[in-house]
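Chains as they are written, first to last, in this note's numbering: chain W, 1 to 296; chain L, 1 to 310; chain S, 1 to 376; chain F, 1 to 246; chain X, 1 to 256.
Careful: at least some of the hints might be erroneous.
[What the hints assert, rightly or not] Derived coverage of chain L by chain W (criterion: at least 3 residues anywhere in the stretch with Cβ under 8 Å from a Cβ of chain W; other residues may be distant):
1. 139 to 152
2. 220 to 227
[Unchecked claim] In silico contact screen, one side only, chain W against chain L (beta carbon under 10 Å); selected entries:
3. I36
4. L73
5. L76
6. I79
7. G80
8. C104
[As the list claims (entries may be wrong)] Simulated restraints on C-beta separations:
9. W:Y259 - X:S109: 27 to 35 Å
10. X:G121 - F:Q134: 55 to 63 Å
11. W:Q57 - X:S87: 53 to 61 Å
12. X:S87 - L:F11: 53 to 61 Å
Bear in mind the hints are in silico, worked out from the structure with no lab data behind them.
Keep in mind it's a predicted model, so treat the numbers as computed, not measured.
Glycine included, every Cβ here is placed at the ideal spot set by N, Cα and C.
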Amino acid sequence: MNWQNFLQLVLSGITIGSIYAFIGIGFNIIYNTTSIINFAQGEFVMLGGLILYSFHQSFHIPLIPAILLTLILVTLIGIGMERLTLHPVKNPTVLNMIIITIGCSIFLKGVALSIWGREVYHLPFFFPRPPFRIGGASITTQSLVVWVALIISSAFLYFFYRFTLLGKAMRACSVNPVAARLMGIKVKSLITLSFALAAFLGGLAGVTITPISLMDYQRGSLLALKGFAAAVLGGLGKEFGAILAGMALGITESLVAGYISSGYKDAVSLLILLFILFVRPGGIMGSKEEISLREL
Amino acid sequence: MRKELKGLVIFFGLIFLFPLLVKSPYYIGVLVFWGIYSIITLGLTILMGYAGQISLGQAGFFAVGAYTSGILTTRFGLPPWLGILAGLGLSLLLSLFLALPSLKLKGHYLAMATLGFGEIVHVVLNAWVGVTGGPSGFGEIPALSFLGWKLDSEMSFFYFTWGWVFLFFLFSLSLLKSPYGRALRSLHAEERIPLSLGVNVYFYKVFAFLWAAFYASFAGSLYAHFMTFLSPSSFTLILSILLVLMIVVGGLGNLWGALLGAGILTFLPEILRTFEDFEMLIYGTFLILVMIFLPKGLVSLRRGKVATGD
Amino acid sequence: MVKRLLFLGIFFLVGCLIFGAEYRIGAVFAVTGPASWLGDPEKKTVEMLEEEINSQGGINGIPIRVIVEDTKGDETQTVNAVRKLITRDRVLAIIGPSRSGTTLAVIPIVEKYKVPLVSCAAAEAIVKPVKKWVFKTPQTDRFAVEKIYQYMKKKGIKRIGIITGTTGFGAQGRKHLLALAPKYGIEIVADETYAPQDTDMTPQLLRIKAKNPQAIVNWSIVPGQAIVPRNMKELGMNIPLFQSHGFGNIKYVKAAGEAAEGIIFPAGRLLVADLLPDTHPQKKVLMEYKRKYESRYQEPVSTFGGHAYDAFWLIVNALKAVGPDRAKIRDYIENTKNFVGTGGIFNFSPEDHNGLDIEAFEMLTVKNGKFTLLGD
Amino acid sequence: MLLEVKNLTAYRDSIPIVRSVSFHVNEGESVAILGANGAGKTTLIESIIGIISEKTGEVRFKGKDITRLNSEEIVKRGISLVPQGREIFSTLSVKDNLLLGAYTRFGRESMASIKETLEEVYGLFPILKEREKQLAGTLSGGEQQMLAIGRALMAKPTLLLLDEPSLGLAPQIRAKIFSSLEELHKKGITLLLVEQNTFYALRITERAYVMETGRLVMEGKSEEIAKDPEVIRAYLGREYREKWER
Amino acid sequence: MLLETKNLTRYFGGVKAVDGVDIEVKEGTIKGIIGPNGAGKTTFFHLLSGHLPPQKGWIKFKGEIINHLPPFERARKGIGRVFQQPSPFENLTLMENILISLDISNSPSLFTSLLRLPSLGKSEKEKEKQAIEILHFLNLEKKLHHFPSSLTHFERRKMEIGRVLALNPSLLLLDEPTAGLSYREKEEIKEIIWELKEKGLTILVVEHDMELITDICEEVVVLNFGKKIAEGSPWEIKNNPLVKEVYLGEEYASGS
């Protein structure tokens, strides 16, 4: 195949990858305060897409206000989920919390099923115009929307965690929750906040990717699997790690499907992932120093 | 050991009497699945509850056991027990490959690696159409026979399965009550401690993976011969997660918990099936409530009565 | 356990006292789970029909009860459900399952317990070779492939690329596409697959594009059916796209948006019922089902619900004729001739437990966001 | 009275570890609680600051009841704890650790006054300024202890609780830590020190309590306690004893 | 020489945690290692016990270079290590904690264990007897079936010593054995160490408690910034001006 096709494969890999990355950074936010993986992250994505569909297509609210309403609603759901299920647990273990998030994931899927049924919903592109052409390859406007949203979100997160006190306090919660309480940090409130933030970003991911990937009540968890892979591969807690890994995963899948075998593309990309984990047990961006500090 | 034996006799006595009291093939059939899942969870609980490792890829070994013995008996006409042995062999080999990276990986990273393994198995089942039948699966797997007794009824398969559950339970119990079990339980602490006491941590981690894979693979072979039809959709990540749920809901690090968890989560969908759309709501709520109110699993409801080491 | 049994026993007794005798029919559909797009309309259809019959006084004065079990599309669940329907609920016959895989998984059980089963799944393997107790109503996917190939032959299309989903449905389609191509002098120049959760098929389509085929066949379930046409459009591929009879729901056309225009696919006549000439033998049945379903559920009718519709009537007709006897019901279904259903006109025989031929299909296309008959 | 504890009983996993303990700390005082490992000292401290919520009795701070408050609230009111084992945020930088110490002051006080405290802490422990950008986990044990104290000071507490600040430190570092505590006390911070290292603890405090199996068994001026033969026999090593006598 | 190291070096990033340390430990002696926090004492122990690989130099144990051996192999060869932080196996009873190390030398095959053949019971009985002996020596036999969570800090420390003794080691590495103990308890530990010495064990001990060091050690090594800065009898060390400057401070100046 020629250069043009290669470019196209990379571009569509980036689009797929940015979807994974977007979901991956949602995992990181909650990991950064609680050290757990939130299995319901995919459901935030799903709810983002489906709620926007209802607001925009069924209630005919214009796109921008509909998106804002959706994000508020998903954020509230995230807060509600944390307050009702994780908040009441005394002395939770990591495994307990993870299973609670699995329970929440199933529950939210059940809710979505009873509201939206089993249909596959689609949204129009936010900017309906034909795909751009770059060097003979095409790229849709919606892919650009996803990229822009991803870049803004990750820049915001980077700034938030490195430069704001609240962000640092959130990181402190996961490193040492007891010491964090001794600083007067309201650990439980920050955990709630992290769920709000993760739900918001999950919702944003859902809103922007639904025009590309379509959405139904169980699609969130399928996408979340790849998002999880991106988060882990990048090094848990590293926003840029997730983006890098998500992109790598997307581009690998795309190139394997394009040049080797579409049937085995998931197997090949997973094998690569296993290999990378074998070489770098803390993910691409996971610094050895930090891992050993966490273990001490 | 003696204390556990009493519980064992009572529990398995009741189980073995069950088909005589309740003749419904439906319930017996569900109990067969309970038995099959129990074998997996009995193995997995050694890995997760004792050796402190995590596996989100157990469905992969279950699939390897099922497909190997299914394919060998159906396509190549091999006797079922050879198929089962071949499945066990292949699973042990694969779990060795999986266990090696596990020596380096921890927590969520290990979870991801095992999950990746399970997914790779799933992709291969789908894509290797010539051998596995691809997504459509394949059927007409011959029934097992045991000492000349053809296991083609629910009842006979029930006794066969639960006989194995009983044996596997005894094996697990013996393991945990032996020096090997002690060493396995020592892996729960930070790695450097058992290492400094001469425990070959690497060996035991690999051992626990092999043990769990062995159980899962055997259960897979039973599943293949009981269902007589296999397709990849039975061996997904959802099953791997379900198996972990069974162990945690039942009670991590407790053989009775493994049995109980498998039982509860096998029966729950049967009871909930009539609720259809609400099933997921109830199921999710159930999991959340158990974890909030019984974080140590359902076995913690009956303290004192508990088997090993907890 | 004992308590539950006791409870169920009481429940059962009370049920009998209140309702008296009834004819019980089992139904196993994938109401939730990945194949719920099949199971949902099927379930709605049989519930609608159950009510309709009972409101007319049942069968010979005895009401029927359809016990719907949700399989989630999972084989273990389906096996349990079927065993339950047969041995605990003692149903006379079973409608479903929705998926081919689950159907194949339960065949040993219905054969063993000798219960007639009318599947709503498409795979040819279900009825070929013939199993004594197993029937199916959907048009066989092989005929769908042949229908497409016949059309291609007529249009002089000789080089095609195929792209299929890695689901049971996609895999069956792929098998027939590969097997039948030589018969119609068609060369398959590219053979690609994708996983159900994939969001972008550009790489596969690029590979196909590189081989320069005259047309593409996409065989999958949603959402692949909507994503492939959209990706093709983005890549500027203007060759004809054929899809499977799984495209038979107007919602998928909406999901594909503009890209759906011009997609060609074979389907039963339900989707274009109002376009059929009044003289067409199926017209009355189709219009009636469509009207009832759409007014009751406020959603467009799909061919999958139609499969359950046909299965339901096959069983009920038999029940009416021969009474509550599993073996007689089976025999009656096997000898049913000229049964006008939504899927076509069924003619069963001991050698043919599907009863449909290639004429059950029409070639349809999408025009202005609607299904329409594809002319020559 | 700055801190007043009345009949406090505190539990861990429903087992009473601290049994009806009463004591007080006056404003500007420096008080030690001595006792062997397992006497319940840490539990006592943790229940005062609200980490342990399973407790009965009363804790009053500045005359107000704080028994039922959670630790976030208590810290806001002016008590800080330097926990046993330091418990620093190992993967955050030294400066971030310190800034988080002032968490409750942000928004209530100006940035300038927080900066001022930061400079004061750097003045007390210059090494921390040198290591400002390093990850806290890479510090040595003594430096970590300084960081833990500095972090607690960032909240500008009226009462500073210290749980075994000398544990596992080299003699010289130990001496340095204690001399900086003395310095702090001179600046007017009230200290409540929980220690096993009786020698130092008694040297820098005015009053002391002795704790055994969950109860306070002795109370008095530090100098007097140090002369008590029981205490000398049980808690002071031979070398210290010799030194003390001199 | 039971243990010998030559030019032993370990970096962390740019920091030299252990920097070319040579040390010799004679059989049947007790050697102390002191130094400021961060001087590399614990890292040095990590290198000896095999929890960290050295970047340079070698370790000779019983005349054999053991650089390449993983920790568990070294333990089996007779290097027993007690960690600074008590870390018992919380899910095992006191007895089982001790049995873990006894299993190393006396363990029936997996086959025997799974089928519970009679020889398993025999070897278990034997080991239990040994475990009770060790616990008796440590004055812990009353807590045989307790879980570690119900033991005091002191009892846990002793249990850890017992766990290592069960390995039947020839060299014992003790990392701050008396940290956090009361004076009375320190005395008991001291006695245990003396008794062990009499039994012929060789001991290497890291401590901050100079009194303990003076009482039990024949020789003391002082580390600072990973380097050995002094070696000699406790008395020599205490009066070494360099050691005073970097480690002991003025407190001990007037000491002896």
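**Asked** Checked against the structure, which of the hints given earlier come out wrong?
**Response** 1, 2, 4, 5, 6, 7, 9 and 12
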